[in-house]
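Here the structure of chain A is known, so what remains is to put chain B in place on it, guided by the hints.
For the record, the sequence lines run as chains A and B.
Oh and the first sequence: position 100 is 100 in this note's numbering, straight run, nothing missing.
Oh and the second sequence: position 308 is 308 in this note's numbering, straight run, nothing missing.
These are calculated hints, taken from the structure and not from any lab test.
You may find that some hints are simply not true.
As the list claims (entries may be wrong) - Calculated from the model, a selection of chain A residues having no Cβ within reach of chain B, i.e. all distances over 10 Å: (1) L14; (2) G21; (3) L29; (4) L83; (5) F194.
Unchecked claim - Each pair of labels, with its calculated beta carbon distance range: (6) B/D371 to A/V24: 17 to 27 Å; (7) A/V91 to B/T412: 50 to 60 Å; (8) B/Q161 to A/L283: 36 to 46 Å.
Here the structure is a predicted model, which is why all the values come from computation and not from measurement.
All C-beta atoms, glycine included, are put in the ideal place defined by N, C-alpha and C.
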Amino acid sequence: MSRTTSLVLWLAALGTTIAFGLLVDDDHLITLAIQTLILGALAMSWNILGGFAGQVSLGHAAFFGLGALITRDLWLGGRPLILAVVIALSVTAVAAAVVGVPMLRFRGIYFSVGTLALGVAVWLTAGNLWPGITSLPAEDLRSYEFTGRYFVALGVLAVTVIVSMWLVRSKLGLGMMAVREDEEAAGATGVSPFTHKMLAFVISAVLAALAGSVFGYFSASYYPQFPFSVVWTFEAITVVFVGGVGTIVGPLIGSLFFVVGRDLLNSTFPELQVVVFGVLFILVVLVLPGGFVEGGQKIFRLVSRRTANQPGKDADRESEHREGKERI
Amino acid sequence: MKTRKLWVLLAVIALIVAACSSSDSDDTTTTAGSCGTETTTTTDTGSSETTTTAGGGDMTAPDAIYLGAVVPQTGPFAGGGAQVVRGYTYCIDIVNEAGGVYVAEYDTNLPLEMILRDDESDPNKTTAAMEELAGQDITVYLGGFASPVHAAGTAVAEKNQIPYLGVATALQALHEQGYQYYFSPFPKSPDIATSVFEMLNASIPEGERPTRVGIFAEATDWGEELGALWEEAAPQYGYEVVLHETYAPGTEDFTDIILKAQAADVEALLSLPTPPDGFNIYKQMGELGWKPPFSLVVRAADVPTWNDLGDVGDGVVLSAGWHPGLGYPGIDAINQRHIEEEGRPADPIVGSSCSLIQIVADAIERAGTLDHQAVRDALAATDMMTVAGPVVFRDDGTAPIDNPLSQRQGGTIVLVWPQVEGAGELLYPAN
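The shape of chain A in the complex, shown without the other chains (with noise of 0.2 Å):
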């Protein structure tokens, strides 16, 4: 796909989702949006150590939990939203490279089990510390306003997407893939390892605590537990794997596709939802191990492929050469 045309489908999905915000009136729908907006966010979070630096972490949710708490302590406990945040992502900054030192330590298996083991004691603590539910003040929730909190959360995932794509073009992302490929001949030329994979496990936090500050000021009511539950983690690394492992789009499709199948299932076959859900994701990650995005690569490369035989197209292959070396 040219640049031209990558270019042109992004600010098609920025201009249907600012367009679906301003004019749909249906607050299930916007909630199923925001819903959607948080967990891509977080998933593109995770994606930039699962995914870009291979280390597959299975404590994510720690920091998701982390965002929320901190905001929605610091904001209910009436500072303003953007200085809450702020707060909330230098905690989880700090926190994450304390963390990060002996848990990089680890490889492969044994850091994912170190990050579950990591992510269970803090979902749990966070149970004890923090015992009762947290709701708006009343009169917040009879004022509640959906179109805000959705082009919060449209901002959000905006950013981490930003954050993905520079990270992609970057020397730093470079590096997080190379340490991903083979850590051994990463170190042999020059980068470092603990280096790429520390910075790829503070910006995935950060950003993840950034989607949970979302969460926090999105929520009508929850535990503070809530947050930093497995269930994050997982719903995160679904996503991502039904979208696309290590691209930017797959994130965003897979949490649209888990979102809305999910609701949609939960009223229509609401006895069967784990099943079809189930069957459908086997199949998907056993056919399309690319998930989505690998599907789509592949349909795109049949009808050029199809379109590139028909006569008269070889100006348009010209100009396709043309535009690939230019990326290059």
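Below, chain B without anything else, positioned relative to chain A:
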């Protein structure tokens, strides 16, 4: 290839955990193994009717008045949730058999229809289910079982400005939030905190009373609230709190606090566990060979499986909010149906939840419309007799209502307080 298999395995585990994170631990009845949301509709639907309004426009009546119920049918609260659903179902059937609810706006009677969702005993799924129901033309929300799910649900109702009615929750703090759409004709913590001491003083001669009180409180907002109120009330009635222990819900080993209670020579054990903690506490008390002369379990002892505990569970007093022995109009009908279908008198929460349907039907009829604000205002002005007694709501959504105490006596739940006609005697000491 190995990596690919690992990814697939991880992804499948992820899906299963995400889907079933908090379900499938049903310790009592119903839908074992399901970790999804279940939908059930009750009663027949009526036919649509068209009415001409005062302004001359045609208004098509809906097929039914939809009541959005989010109730735990799986997970730890499933046993209580089953009682709630039975109560709703019984009273919906009674209302519909009597012709439904007259709605002046449409100049016709409409049947009640419940749209039921299972929140799997997870408060976070309660909110998700309620958001989904908000898009289904419901007139009111009906709550589930246990304070955590109500605490989550009431805020969503307030946000969506749809009236919410709930029983099986004693959390007073929820009524201090300034909510306008939450109504709960059910005994609250302040009522429970004093009624146990009032009953003890009325039932046991001075000098024989169990004055050394121990409290087992779960580390939840309700546990903190009621634990503190018991501490405050005890000295006023001549009792001394010698032990106050807290534990996290879901704790499996209670040995430590049981041994502490034994060492402190606790004579009256007051606890408020939700399932399955209550069952586990008493099971382990039995294993450790300790049973105080008096014990109160606010909830948890109201499910039939409590009988499986044997001797250690017998004699336990519960404050479940309702008892068929209260003798209010309409109790006989639901009690009879319960005996026919379940083989025992109506469970405690059945009556309380049934009363909500009576209240909703009355409010809609008075409102003459299904408009949320109008129904909310009509609910606030409720003044009627129900199977749970007379109901008049206070400004905070609570209602002064009976707080009956019952006792497990040989496998039967016997009403022991208040001492109305037909009530039994408190068996003391229970050990």
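> So which of the earlier hints does this model not fit?
Replying inline: 3
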